Amino acid sequence: MTGEVALAVLLLGPLLAALGCLLAGRQGSTVALLALIAGAAAVVVLWDGMLRTGPIEVRLGGWGAPLGIVLRADGLAVGFLAAAVVVMGAVWAVARHDFATPRARDVFWPSSMLLWGALNAIMVSRDLFNLYVGLELLTLTAVAMVALGRGPGAIEAALRYVLYALMGSLVYLLGVVLVYHGHGTLDLDRIAAGRSGADALALGLMTAGLAIKTALFPFHAWLPPAHAGAPSPASALLSALVPKAGFVMLVRLWFEAMPDATPPAALAVMAALGAGAILHGGLMALRQERLKQILAYSTVAQLGYLFVMFPLVGGAGAGTAGAAEAWAGTQIGAFSHALAKAAVFLCAALWIRAIGSDRLADLAGLARAMPLSCFAFGMAAVSLMGLPPSGGFIAKYLVMRASFELGLPGWGLVLAAGGLLAAAYFYRPLAALFAREPPRVQRTPRLLEAVPLALALAAAALGVLSQPAYDLLQAGAPAYARGIGP
Amino acid sequence: MNALPVVILLTSLLPAAVTFFLPQEQHAWRNGLNLGGAVIKLGLVVVLMGAVAEGIEPEARLPLAPGLDLVLRADDLSLLFVSLSAFLWLLTTVYAISYFGEKPELSRFFGFFSLCVAATTGLALSGTLITFFVFFELLTLSTWPLVAHKQDDQSLAAARSYVLYALPGSVAVLVAIIWLEGLVGTVAFAAPPDLSGVDRWSLTLIFVLFVGGLGVKAAIVPLHGWLPGAMAAPAPVSSLLHAVAVVKAGAFGIVRVVYDIFGVARVQELGLGTPLAVVASVTILWGSVRALQQMELKKRLAYSTVSQVSYIVLGTALAGPFGTIGGLVHLVHQGIMKITLFFCAGLYDERAGARRIEQLDGLGQRMPWTSAAFSVGAMGMIGLPPIAGFVSKVYLGVGAVQSGELWVLAVLGASTLLNAAYFLPLLWRIWFLPPQTEGIGATPIPFAAVDERVPGLVVPAMLTALTSVAAGLFAASAFSPLGWATLIAGGAYSP
Chain A
1 MTGEVALAVL LLGPLLAALG CLLAGRQGST VALLALIAGA AAVVVLWDGM LRTGPIEVRL
61 GGWGAPLGIV LRADGLAVGF LAAAVVVMGA VWAVARHDFA TPRARDVFWP SSMLLWGALN
121 AIMVSRDLFN LYVGLELLTL TAVAMVALGR GPGAIEAALR YVLYALMGSL VYLLGVVLVY
181 HGHGTLDLDR IAAGRSGADA LALGLMTAGL AIKTALFPFH AWLPPAHAGA PSPASALLSA
241 LVPKAGFVML VRLWFEAMPD ATPPAALAVM AALGAGAILH GGLMALRQER LKQILAYSTV
301 AQLGYLFVMF PLVGGAGAGT AGAAEAWAGT QIGAFSHALA KAAVFLCAAL WIRAIGSDRL
361 ADLAGLARAM PLSCFAFGMA AVSLMGLPPS GGFIAKYLVM RASFELGLPG WGLVLAAGGL
421 LAAAYFYRPL AALFAREPPR VQRTPRLLEA VPLALALAAA ALGVLSQPAY DLLQAGAPAY
481 ARGIGP
Chain B
487 MNALPVVILL TSLLPAAVTF FLPQEQHAWR NGLNLGGAVI KLGLVVVLMG AVAEGIEPEA
547 RLPLAPGLDL VLRADDLSLL FVSLSAFLWL LTTVYAISYF GEKPELSRFF GFFSLCVAAT
607 TGLALSGTLI TFFVFFELLT LSTWPLVAHK QDDQSLAAAR SYVLYALPGS VAVLVAIIWL
667 EGLVGTVAFA APPDLSGVDR WSLTLIFVLF VGGLGVKAAI VPLHGWLPGA MAAPAPVSSL
727 LHAVAVVKAG AFGIVRVVYD IFGVARVQEL GLGTPLAVVA SVTILWGSVR ALQQMELKKR
787 LAYSTVSQVS YIVLGTALAG PFGTIGGLVH LVHQGIMKIT LFFCAGLYDE RAGARRIEQL
847 DGLGQRMPWT SAAFSVGAMG MIGLPPIAGF VSKVYLGVGA VQSGELWVLA VLGASTLLNA
907 AYFLPLLWRI WFLPPQTEGI GATPIPFAAV DERVPGLVVP AMLTALTSVA AGLFAASAFS
967 PLGWATLIAG GAYSP
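Just so you know, the protein sequences line up as chains A and B, in that order.
So the first sequence is numbered by the working numbering: it starts at 1 and just counts up by one.
So the second sequence is numbered by the working numbering: it starts at 487 and just counts up by one.
Since the hints were derived computationally from the structure, they do not count as laboratory data.
No experiment lies behind these values; they were computed from the predicted model shown.
Hints may contain errors.
[Said to hold, decoys possible] Just a few of them, taken from the derived set where beta-carbon distance is under 10 Å, the chain B residues facing chain A:
| hint | residue |
| --- | --- |
| 1 | E623 |
| 2 | L669 |
| 3 | R752 |
Ideal Cβ positions, reconstructed from N, Cα and C, are used throughout, including at glycine.
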């Protein structure tokens, strides 16, 4: 398989699979599995090829940038493609048992495939309009999944999601129009080559739009009800993967397309919003009584971690070892968040199946009945708290060290505080699981419990095998995030 | 040879990983795995000790990211700790197997127990600061389920308070590490960093963050609040916690920070030695005073730990060869003596139902071996010759004179009097008072039915008691704890 074929498998495979799922009906999950296996193979090919020859670029139909469509798999893209296929696989294994009714099944499998395809497209697209199309597809499938929720709030949450997303799209498109007006192109590399007076405004608009879609504080209000209300396997996809798409787009805009349009103060504003997310999300998570709501607010907080990177990679530190550390640390953090957050949501899925509730009070004593999934939850929580040994720790360590090296220790201290908050809000479910009274439990196959455990182990392994991830992220990283560590 | 530290770590880590997945009924497998791991580890540690004595310092390295390597490395200081942990792990495992019998949730217990030991092993063998931190946190995490093991309200509250203290402490340590590494690059213990370019205030603050963070685990007053509550844990856990695992990890960390990062000379130059000695002294006295007020045996022992662990910090803070030796040797001596006392406390509780000190009356008649071991441990803590504690106190005293800190002598004297005041009445009750006729507590055990003869519980207690006598009697041997401590101190003060 060459790089071109691999990219085609990752982009067209999910679309074809979505169609196949619709046609196959009861056998939808089998079709999805086949697409996932092919996708996993394609990711391996891309990863391997990229380490050998650098980022893989494909011009569709042989047409170059202004006319044709250019796709590029760099380290950042391949990392997210890999995280996505792993999370999709795990969600597949649990969801196969979860959607018993034909309606849920018929909606879930096609939309999960579309969601995956849209995500893949966003990771490798190099053009503002294609990115927009991918993002819209992603949003629509995500909304469909939220609407699948059984609770009375599900439709309301989905509606609220749609409203926010539409607003985000509009603002983003406005920015795109300005870019096109100024540059006459939507290709990221060509935008970077030129300069236009409206760049700052365009970037601001696109950023605002994407911040809404990424649920960056203070635009996050739609996220907790949506992620908590969706069926749990869908929540795993929504929380682990979907917000990362907007984040990757922001990174591409700020550091690849318009690195000069951003004054240091703007970078600091992004990090400040991130800090706000960390603190607000953490404090809100502390006050929830339902597990899935805790996890959803935790996502708000964890997304904030990613934005602390902005003043460390850009601005004064650009090009130094510190910038490279912040870059790699943030992306490793995003990967391990994807794995660990999917793990905890899948645990929630299994527990809701077993006891019919996700209230903390009802979870009491579950560790005795379902030790494997509780262990998985604990391990994933450790990664989300940023404690060693885990990918979350490596991420926090690298970003914190970058902040101290660059003379901006405040951002590092915010991360430390975020870790403490995470420990606090995860302590409550963990203590509940560990309480004495075992609840009445419907039997869950051990093998199903092994799925979140595998994800949690992967998040922990990322903390020990982070060197390959670091090397991957250096491939095709923007110049100022490429450094040789100390 | 370079792989040896890794293999030693794996002797605890692998049993932990496998034990988690063993079904509860598989007693033979579980016990075999844990005992086997402990025996192999002890053997390997002896081999390692031989190698390090010849001047070889094996090292294994796993790169995580540029400038971030996990390094396992054995030097003489790590051996002091790792040998203590290996020896006591074996005995505690024997003890725990007898103690728990066929109670529920044993796979979980032994899994976390081995993980906890793996964490102390990793701590001892850490070659860089960040490696140390990784295992420091692993220790925090693996201890929580052990403290909460009984899953009653008291245990859960204790576990909660443990985390409430431990995690902010960890954050302080992490910030200190990152701050320091931001200034001078990666810090490895084998090659202390060059701090000459760093300004005074940063260094002082970093030092305070280190001692504050590590001091939570070492139970330095006023950061000690979690420790007395943690005695709600089962006896084998308390034994390990008070002897090697958590409190020692904190003390060991402080020793590393003072000797292998800052260096004694710089700590003195920054004027931090005396304040540290004062903090340690306050802890020693406060812990003893509080111990005196406790009527529950395990609580009294717990406050005694608060006091005794700070002897190590005090020795380190004195910044002279003899003080160093006294502090380091106490790291081992306190471990052996305190584990004896906790083994015995577990025996009194388990075999006689005695938890409060008045319930100990006359138990010497029914439990002579236990009581003999307990008496050795208690007298050692007071510092009576020829038990190990005597050696520690003599070296600390000489160290105080050597460093010109004569007030420390008064602290040592007062502490010894307090030690005597809270331990001797216990011995008096055990050996000389008539037994209470009616049992106290929920399910009283009739005095005549008290029977200590469970080899798995008594033999470990006897062995550690004998070891603490031997460590005192044969202190002059090169392979005694004192011999090693002298070797280390030689390294720290030779230019």
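Hint numbers not upheld by this structure, sorted from lowest to highest: 3
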